[in-house]
Amino acid sequence: MKSVGIVVFPGSNCEFDVAAVLESNGVKTSFLWHGQSSLDDVSGVVLPGGFAHGDYLRPGAIARFSPVMAAVGEFAKRGGPILGICNGFQVLTEAGLLPGALQKNSGLRFLCKEVEVEVETSDSVATSTSNAGEILRLPINHFEGNYTCDIRTLADIEDNDQIVLRYLDNPNGSMNSIAGVCSEKRNVVGMMPHPERACDSLTGLTDGLKIIQSFIANI
Amino acid sequence: MRFNAKVQVWLREGIADPEGHTISEAISALGFSGISGVRMGKIISLELDADTQASAEQKVDQIATSLLSNPVLEDVKIEIVKA
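The listed protein sequences correspond, in order, to chains X and H.
Numbered according to the numbering used here, the first sequence spans residues 1 to 219.
Numbered according to the numbering used here, the second sequence spans residues 1 to 83.
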């Protein structure tokens, strides 16, 4: 059975939502405590949302030095599928596994709302079963979601088709309305929206399933 | 030798500074005019042992660039004095 490890830092808070969605889609999950140095043979890794290490200093700044992150880095290098959601995205950028950084929202407001994003590429582990141009309605919930990088990096990731999701109506000042990016090898994806919170009609939205199912298809 | 270090972390030139902008607007709302260039940064102070000023600088520089700042967004200024 396929199994996904969900990394838990002190202050993570979306790990149970991620686990519930994956389990209900037939995937075995386990929690990987940030202090452990191996990934226990999992075939995919999710870094969930929350406030790892209290977001002290900057979101992800301290989490990237947690022992588990060395193993996550190795896993990324081997081509293992990794999905970082919200705080998990911030951790992946701080760790240098994804380009850019997430800066405070341009309006300095904590944003908690539904947004529409466009799938920019189907060539990533989180969008492989979607089509480019598809519009997904997903919730966002963040204060630091303003995607920022230098101009050269921006040109590179645009040219390399590394933008995975783009906001239709930019809520936070992100450069080029970027909501999610992938690594050059396309196996590491980070996104600010929370697909795991949009997988059950009981809670309103179901477009998150498309992201989750793509990820499952790649593990 | 014991040293006192102060690390200032500033958003790099050209990176939007929403906090600085908001503080600037609040200053205007207070009725002050002619105020500009408001920026928001952080200061982290620490004490350390090192054999020489140069090795203290090297250590603090490593700490500042690997953990205290994110080079994608931020620059650092380091001041070190003998304790």
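Please keep in mind that the hints were generated in silico from the structure rather than gathered at the bench.
It is possible that part of the hints are untrue.
[Said to hold, decoys possible] Below, a sample of chain X positions facing chain H; criterion: calculated Cβ distance under 7 Å:
id, residue
1, Ala101
2, Gln103
3, Ser106
4, Arg109
5, Lys113
6, Val115
[Unchecked claim] Derived Cβ-Cβ restraints for the label pairs, each shown as a range:
id, chain 1, residue 1, chain 2, residue 2, range
7, H, Ser55, X, Asn13, 48 to 58 Å
8, X, Ser3, H, Val38, 45 to 55 Å
9, X, Phe16, H, Asn4, 20 to 30 Å
10, X, Phe16, H, Ile43, 35 to 45 Å
11, X, Ser24, H, Ser55, 54 to 64 Å
12, H, Thr22, X, Trp33, 56 to 66 Å
13, H, Asp61, X, Gly54, 43 to 53 Å
14, X, Trp33, H, Ser55, 34 to 44 Å
15, X, Arg137, H, Gly34, 45 to 55 Å
16, H, Ile35, X, Gly54, 29 to 39 Å
By construction, the Cβ of each residue, glycine as well, lies at the ideal position given by its N, Cα and C atoms.
A quick look at each hint next to the structure:
1. Ala101: holds (4 Å)
2. Gln103: holds (6 Å)
3. Ser106: Because about 5 Å separates X:Ser106 from the closest Cβ in chain H, which is inside the 7 Å limit, the hint holds.
4. Arg109: With a closest approach of 10 Å, the X:Arg109 hint is violated.
5. Lys113: violated (18 Å)
6. Val115: Nearest chain H Cβ about 19 Å off; hint violated.
7. H:Ser55 with X:Asn13: 48 to 58 Å: This hint is violated: roughly 41 Å between Cβ atoms.
8. X:Ser3 with H:Val38: 45 to 55 Å: Hint holds: Cβ distance 51 Å, inside 45 to 55 Å.
9. X:Phe16 with H:Asn4: 20 to 30 Å: violated (45 Å)
10. X:Phe16 with H:Ile43: 35 to 45 Å: Holds, at about 38 Å.
11. X:Ser24 with H:Ser55: 54 to 64 Å: holds (56 Å)
12. H:Thr22 with X:Trp33: 56 to 66 Å: Hint violated: Cβ distance 38 Å, outside 56 to 66 Å.
13. H:Asp61 with X:Gly54: 43 to 53 Å: For X:Gly54 against H:Asp61, whose Cβ atoms are near 25 Å apart, the range 43 to 53 Å is violated.
14. X:Trp33 with H:Ser55: 34 to 44 Å: holds (36 Å)
15. X:Arg137 with H:Gly34: 45 to 55 Å: Holds - the Cβ-Cβ distance for X:Arg137 and H:Gly34, about 46 Å, lies within 45 to 55 Å.
16. H:Ile35 with X:Gly54: 29 to 39 Å: Hint holds: Cβ distance 33 Å, inside 29 to 39 Å.
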